[in-house]
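Student: Residue strings, one per chain:
Protein chains: 2
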Amino acid sequence: ERDGDGRPRLAYIDQRRLPGELAFERTGDWRVVVDAVKSLAVRGAPALGIAGAAAVALWAGNVGAARATSRGCAGEGPCFLEELGPVADEVAAARPTAVNLAWGVRRAVARARRAVASGAPSALVADELFDEVKHMEAEDEAVNRAIGAHGAELLAPGSRILTHCNAGSLGTAFYGTALGIVYAAAAQGKVERVYADETRPVGQGARLTAWELSRANVPCTLICDDMAASLMAAGRVDAVLVGADRIAANGDAANKIGTYGVAVLARHHGIPFYMAAPTSTIDPTLPDGSGIPIEERDPAEVLPQPLPGVEVWNPAFDVTPAALITRIVTERGVFEPGKLVY
Amino acid sequence: ERDGDGRPRLAYIDQRRLPGELAFERTGDWRVVVDAVKSLAVRGAPALGIAGAAAVALWAGNVGAARATSRGCAGEGPCFLEELGPVADEVAAARPTAVNLAWGVRRAVARARRAVASGAPSALVADELFDEVKHMEAEDEAVNRAIGAHGAELLAPGSRILTHCNAGSLGTAFYGTALGIVYAAAAQGKVERVYADETRPVGQGARLTAWELSRANVPCTLICDDMAASLMAAGRVDAVLVGADRIAANGDAANKIGTYGVAVLARHHGIPFYMAAPTSTIDPTLPDGSGIPIEERDPAEVLPQPLPGVEVWNPAFDVTPAALITRIVTERGVFEPGKLVY
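If you read the sequences in order, they're chains A and B.
This note's numbering applies: residue 218 is where the first sequence begins, and numbers increase by one.
This note's numbering applies: residue 218 is where the second sequence begins, and numbers increase by one.
Here chain A stands alone, though its shape is the one from the complex (with noise of 0.2 Å):
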């Protein structure tokens, strides 16, 4: 959006704050867009895919522009361009896992060299960039109707779905990837209940899916995510449904911590499991999921007070290797892990 001065900003909701408080924050600065990336305010693959983008229109916009304009080098598209380059690598390293985040910055990138090849100014390149967030902002949420049009043909009347994380209206532009399954199969009244996964350690399933599933009126029962495997014994779980956040180009999967747990656990008990992603979640440059960068993060995470001769691992991902993944959704349908169309 923009604000009353016809400045560029974004409004996000501060992930953080849920399920206490729905808070819309609304910024003009790029610096504040990676700060939110980083402390995890705003998240979700498909989500920071768009907050890539518009950190670099923001940048663009409110910056970029304007610095262009008033230096004095030779040709102010290429001064706009070279200056762009360190603020998109910037944006880009915020999280090293989740491949939209980079996917979002290149598209936007892209976009600019584009119009300044045409000779367009730096200001309406600014302009163009803003769109093109808008664009991407509308064209997820129509991938995630797709998404949730294919993954609820997977899904029998009377399904009853545990999920991992949050992949849904709050980790993507709306409407979400494993939650848009969730939605459109429950408007078919497919849907039981959900079992959400509190997702230790940030607890994105009992802040946000389950919120999110409370106020959609989809059934819902939060546990915690090692009562998953009784759940399962206790024949209480009919699929699996998860999202992802870097798909290798063989199927291997990085999701949320403990995805690959799940996995393990589904197949152990027959049960089918489905992941759900856009297409800009495929990362075609890597051949499996051993080259995904999995990010670690702060310990505090896990022990807000450290215990003196107590270390931590706190990795916020991990890759579940293709083998064990039922069926991949994307926009373009439901998919084999390894016979996936991007």
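To be clear, the hints were calculated from the coordinates, so they are not data collected in a lab.
Misleading hints may appear alongside valid ones.
To be verified - The list that follows gives simulated cross-link-like pairs (lysine to any residue, SDA-like), each with its CA atoms no further than 20 Å apart:
1. B:K255 x B:A390
2. A:K255 x A:G223
3. B:K407 x A:K351
4. A:K351 x A:L235
5. A:K407 x A:R453
6. A:K407 x B:V527
7. B:K255 x B:V527
8. A:K255 x A:D515
9. A:K407 x B:G526
10. A:K351 x A:D222
11. B:K407 x A:V527
12. A:K556 x A:S507
Following the hints, position chain B against chain A.
Tutor: Showing chain B alone in chain A's frame:
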């Protein structure tokens, strides 16, 4: 122990306040012990066995003996036993899953019956119960040291061990069952590191095991429950060691919620899964694990602030089938789960 007036009382650590505070509580009131058991101030199957007997002994020494003496019924001993019955039932029912609690109560009642049958006056019966509890404490430590010695033989030098919940000094009279094996193996220089699952929702791993291991100078890394699968996939776990709350005749075993999932993950990764427990944890009246009652606890343990429209499922235990247990270690030795000696 006894207070300044010679009346029996129980000293215990309020485990709810660890690791922030090491608080010793003392009470002569059997109902306070029952509350401590219900609230998890005292927990751990072997510790519950002692607490159960201690509650009976406190009732006998501080209430029952005096009442039986003062009542005008035909025989003092029968009066005492008559009143003991409902007290014993109430203590034994404080928590349903760990069989040791009822076992400890039964042991105290049996001792009281024998004393009454031999013609002892109630005050002497109470003294005998006091001695019984002291004896059980010493016996539990000896049992744990035997478990430790047997179990340590299962571990190779340089072992990296994953544990779930707390089966250490805090859950027993002293030394621990699963952690007893760790302490014995560490004394032999065999333990490279222990990984402690935090063990949601109550956090016995984060609050108790990590604290206990750090005090014992055993290298310890705390992880969230949903990180165990990644740790195993990375080849960083050589063995899983856990305690048990009730073991059926066929070797199926209940333990803290999440244990079953860890067992499935260990099997998937080809990692041995060992359970350690005193013989008093075996319940030969149950042919298999399907008959073990699973306690469901307050949703507030999982979700302190209720979310409208969100249900919570909070089972405190799960059952690991014998087929997933590599060996069960008791004070009598190391057994295949189906071939337990008891």
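Student: So, for every hint listed, does it hold in this structure?
Tutor: Here is how each hint holds up against the structure:
The hinted pair formed by B:K255 and B:A390 meets the criterion: a straight-line CA distance of about 18 Å does not exceed 20 Å. Using a Cα cut-off of 20 Å, the hinted pair A:K255 and A:G223 is violated, with the two alpha carbons roughly 27 Å apart. At roughly 59 Å between alpha-carbon atoms, B:K407 and A:K351 are farther apart than 20 Å, so this suggested pair is violated. For the hint pairing A:K351 with A:L235, the CA-to-CA distance comes to about 25 Å; that exceeds 20 Å, so the pair is violated.
Annotation: proposed proximity of A:K407 to A:R453 holds, straight-line Cα distance about 15 Å (limit 20 Å). Pair hint A:K407 plus B:V527 holds up; C-alpha atoms about 19 Å apart against a cutoff of 20 Å. At roughly 25 Å between alpha-carbon atoms, B:K255 and B:V527 are farther apart than 20 Å, so this suggested pair is violated. The straight-line distance between the Cα atoms of A:K255 and A:D515 is roughly 11 Å, inside the 20 Å bound, and the hint therefore holds.
About 19 Å separates the Cα atoms of A:K407 and B:G526, which keeps this hinted pair within 20 Å; it holds. Our distance criterion of 20 Å between C-alpha atoms is met by A:K351 and A:D222, whose separation comes to about 18 Å. Taking the CA atoms of B:K407 and A:V527, the gap is about 19 Å. The hint holds against a cut of 20 Å. With a C-alpha separation of about 18 Å, the suggested pairing of A:K556 with A:S507 holds against the 20 Å cut-off.
Hint compliance for this structure: hints 2, 3, 4 and 7 are broken, all remaining hints hold.
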